[in-house]
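*Asks:* Each chain, written out:
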Amino acid sequence: MAERQLTQVLTQLKSSASTLSYSDASSLLSKAKLLLLQLNALTPTATQNPQLLVLARETYEQGALASIRAKNSEAFTRYVSQLSGFYELPADILPPNPQERNKVTGLYLLLLLTLGRYDEFHSELEALHVRQGVDVEGDKYLGYPIKLERWLMEGSYDRVWKAMKKGEVPCEEYSVFSEVLTGQIRTEIARSSERAYPSLPLSSTKSLLFLDSEGAVVEFARSRGWLVKDGQIIFPSTIAAEGAEGEEAQGEDDKQEMSQMVIENALGYARTLETIV
Amino acid sequence: MPGKTPDKEPVENGGYRGGKDIDMKDNDLKPKGKKSVKDGDDEMTVVVPPSKAAQKQSSAPPPNDADGDVAMDDVDKADEGDVKVDPVVQAISDIKSNFALLERAVVLFDARFSLRALRSISSLRKRLTPEILAQVISETYSTSSSSSHVAKQLLAAIGQSEMPLGRSWAPEMEIDSEPKAPAKNGAKKESSKENKDVIPEIDVFLGILTQVLLYDNKQFRQGFEHSRYLSDRIQSLNRRSLDSLSAKVYFYYSLFAEQLKPLPPSPQSPIVSIRPTLLAALRTAVLRKDIDTQASVIVLLLRNYLLTSHIAQADLLVSHTQFPENAANNQVARFLYYLGRIRAIQLRYTEAHEHLTAATRKAPSSACALGFSQTATKLLLVVELLMGDIPDRATFRQPTMELSLKPYFLLVQAVRVGNLEDFETAIADHADTFRRDGTYTLILRLRQNVIKTGIRMMSLSYSRISLRDICIRLHLGSEESAEYIVAKAIRDGVIEATLDRERGFMKSKEVGDVYATREPGEAFHDRIRACLALHDESVKAMRFPMNQHRLELKNAQEAREREREMAKEIQDGDLDEDDLGGEFEGM
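Protein chains in written order, with the working numbering: chain C, 1 to 277; chain A, 1001 to 1587.
Treat each hint with caution, since some may be false.
[Unchecked claim] What follows is a set of in silico ranges between Cβ atoms, one per label pair, in the way DEER data are often shown:
1) A:1417 / C:165: 29 to 37 Å
2) C:275 / A:1549: 17 to 25 Å
3) C:165 / A:1534: 51 to 59 Å
4) C:27 / A:1221: 31 to 39 Å
5) A:1225 / C:50: 26 to 34 Å
6) C:153 / A:1416: 51 to 59 Å
7) A:1109 / C:153: 52 to 60 Å
8) C:96 / A:1469: 44 to 52 Å
9) A:1429 / C:96: 28 to 36 Å
10) C:222 / A:1469: 29 to 37 Å
11) C:96 / A:1533: 25 to 33 Å
12) A:1469 / C:165: 24 to 32 Å
13) A:1468 / C:266: 24 to 32 Å
If you're looking for bench data, these hints aren't it; they were derived computationally from the structure. Cβ coordinates follow ideal geometry from the N, Cα and C atoms, glycine included.
Let's have the full structure, built from the sequences with the hints guiding it.
*Replies:* Structure below.
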């Protein structure tokens, strides 16, 4: 009885996934989870009925996708950790559904990437490479975050930008992250530009930062504290460099600090040598 | 207390290293499929030349009583005369000589004696056969109730597969052992004269020998069952004198688990199922301050987690446990290696580098631990590359490493020159090697380093270069990519340059004098610090003979008496100040 109800809820969830509002989806999900609890299938065990396990897994997968659509990263992470138990089960107990699994894992990777948690990203990646029978880079869901990470690391921001455009994203849930990523790469570019260019013309900054209009450029420049003069953006670091006096004083400071370090070290060596001899 | 004489120490150290190294090799060579050594073990029941050296080594540790001398003679005779019989007798007596050590360990409550017994395993290992072990077992145990149960278990573990052999041999065996103690699998009710109880340490020691034997004969399933029984028994026995032995038991337990199907990367591997046992063992070991077990179980758990790529769990384990400071050197080396691996995966390269350097340095330099140092060196090389350093050329020239490091050498070359094409081909050609070494994902991260090096080369050779040229030279996708990449390189401090967007070129800044910066001073300081640390460590590692402090105490007592005398004499006015000074300096 409860099982049939659960199947109903799930089909409802799946069929209207994109149109459902988050509150509706979550009420459906909590209903599904209650049913799971009645069936005693909330957590996976090897002895359970395989059909039930499949249902439970699907519930969590739908939950994960729904929470991503609602940009609720905490709920998503919770679903992912609940799912991990199901994914660890051997294939003869729970027949795997690689597509959904890769989708969820890919989203999780992307989430870690946007949050800047690179260590977890790479730990997860390492686990993927051990997973058998998966072409990690060839998979459209898994390959996407990996490619993005590589481009972000080497600095090919234009490729990241292109990859985030409509049609390039493997599925609609992935585009949720585009906004975050755009902001992220824009800051990255801005920080590099500050160091790399002495000045930039407004018109080309627009394309550099993937902004829509020059007005947006001016606004962005202001938010980062850049100086806009005669259609040129002048970066504050170059202004500081012009004030050569300040730098000299700093050089003096540096020297003093350095000699102090050398003296300290030498004294340290002498002391230790004495204890040795 | 039969104190060790100082001149015996080196021998023991040598034996110690040899003993642990074999395990290390097993541990680390396996993934690479170098089975030649182990295959040799199976056929080495009656090999003479290697066993001669091994026997000498093993007969050195037993205390200098008559037994040891006789054993020595036996070896020599074995070489000259009848080879076929003597090795068996020799092996049996060698095994039994360890019992004395174990008994002494219990009586004196000194773990070093059991360590010594454990060390001899490596030399016994080559000569171990089910027959020898069975004979030892049946000769050792009397019919007293508890021990015979243990012995039965042991015999079952080795006897199963040797059914035909065991049967033909059993009657003969009974005749052999009848005068001493009735074989337990024979007449059980007979009461023996020397009804001495066998201490549990000997049970466990024989259990370990059984583990070794089963492992060498590749009877992994049986070994696994036997180990489980053995570890349960250790936990129920709860004796402190078992500590160092139990470390060994867990070690083999987890080795067996790794060999069972489904093999490790799969989440259903038996290694997952032994985790609770290991964790429980760790908890008990920590509570009892049992350093040996603690160290080896931590290492085993880390290995366990890494095999199934549970990096997060491994990291948590490291952060929640404290690795014992004075653990055995080999365990420390292993621990550092695994730690370095975790850190490398987490992009904490500086820490990874530190741990891995220490691991390669601590790795025993003898040939039998070659597998470990090779594996550690490979990982170290990749981490160095990731940090932007170019590894030393000399590393690749070591004769023992040259062949296995070849793929890494090609990789380093590509990174050093900054040639993306060479890099891609090196990865494609050796992908399988890298995968097997578990460095593949790390190597994939190197791509950005190659690009950065390429840009640095460009910046050094040209004072001004167009972005289009950079794009063509480095095989980047487009000019825009090139621009972003160069900008990032400038921000990361890889190069000193500026970009001109309107005209599309990169202009390099004049390179400053490195010697005017603090860098050389820092490098110098680092090296000095390393030397000082080395000195400190070697001072700490020094061992002193047991009773030396008593001697000193005695000296101190004498000195005090002399002083008192002197004080008395001064009081009497017999001695003047100069004499006194001289006396003190003499002391």
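*Asks:* Can you let me know if the beta-carbon spacing of residue 27 of chain C and residue 1221 of chain A is within 31 to 39 Å?
*Replies:* The hinted range 31 to 39 Å is violated for residue 27 of chain C and residue 1221 of chain A, with Cβ atoms some 51 Å apart.
*Asks:* Between residue 1429 of chain A and residue 96 of chain C, is the Cβ distance one that fits in 28 to 36 Å?
*Replies:* holds, 32 Å
*Asks:* Is the gap between the beta carbons of residue 222 of chain C and residue 1469 of chain A within 29 to 37 Å?
*Replies:* holds, 35 Å
*Asks:* Is 25 to 33 Å respected by the C-beta to C-beta distance linking residue 96 of chain C and residue 1533 of chain A?
*Replies:* violated, 51 Å
*Asks:* With respect to the beta-carbon atoms only, verify the hint that residue 96 of chain C and residue 1469 of chain A lie 44 to 52 Å apart.
*Replies:* holds, 49 Å
*Asks:* 26 to 34 Å was suggested as the range; check whether the CB atoms of residue 1225 of chain A and residue 50 of chain C agree with it.
*Replies:* Because 30 Å falls inside the window, the suggested range holds.
*Asks:* Taking 51 to 59 Å as the hint, is the beta-carbon distance of residue 153 of chain C and residue 1416 of chain A inside that range?
*Replies:* Between residue 153 of chain C and residue 1416 of chain A, where Cβ atoms are some 20 Å apart, the hint is violated.
*Asks:* Holds or violated: the 51 to 59 Å window for the beta-carbon distance between residue 165 of chain C and residue 1534 of chain A?
*Replies:* Once the Cβ atoms are compared, 57 Å apart, the range 51 to 59 Å for residue 1534 of chain A and residue 165 of chain C holds.
*Asks:* If I claimed the Cβ atoms of residue 1469 of chain A and residue 165 of chain C lie 24 to 32 Å apart, would that claim hold in this structure?
*Replies:* The hinted range 24 to 32 Å holds for residue 1469 of chain A and residue 165 of chain C, with Cβ atoms some 29 Å apart.
*Asks:* Given the range 29 to 37 Å, decide if the beta-carbon distance of residue 1417 of chain A to residue 165 of chain C lies inside it.
*Replies:* At 35 Å between Cβs, range holds.
*Asks:* For the range 52 to 60 Å, tell me whether the beta carbons of residue 1109 of chain A and residue 153 of chain C fit it or not.
*Replies:* holds, 57 Å
*Asks:* Is 24 to 32 Å right for how far apart the beta carbons of residue 1468 of chain A and residue 266 of chain C are?
*Replies:* violated, 51 Å
Hints 4, 6, 11, 13 from the earlier list are contradicted by this structure; the remaining hints agree with it.
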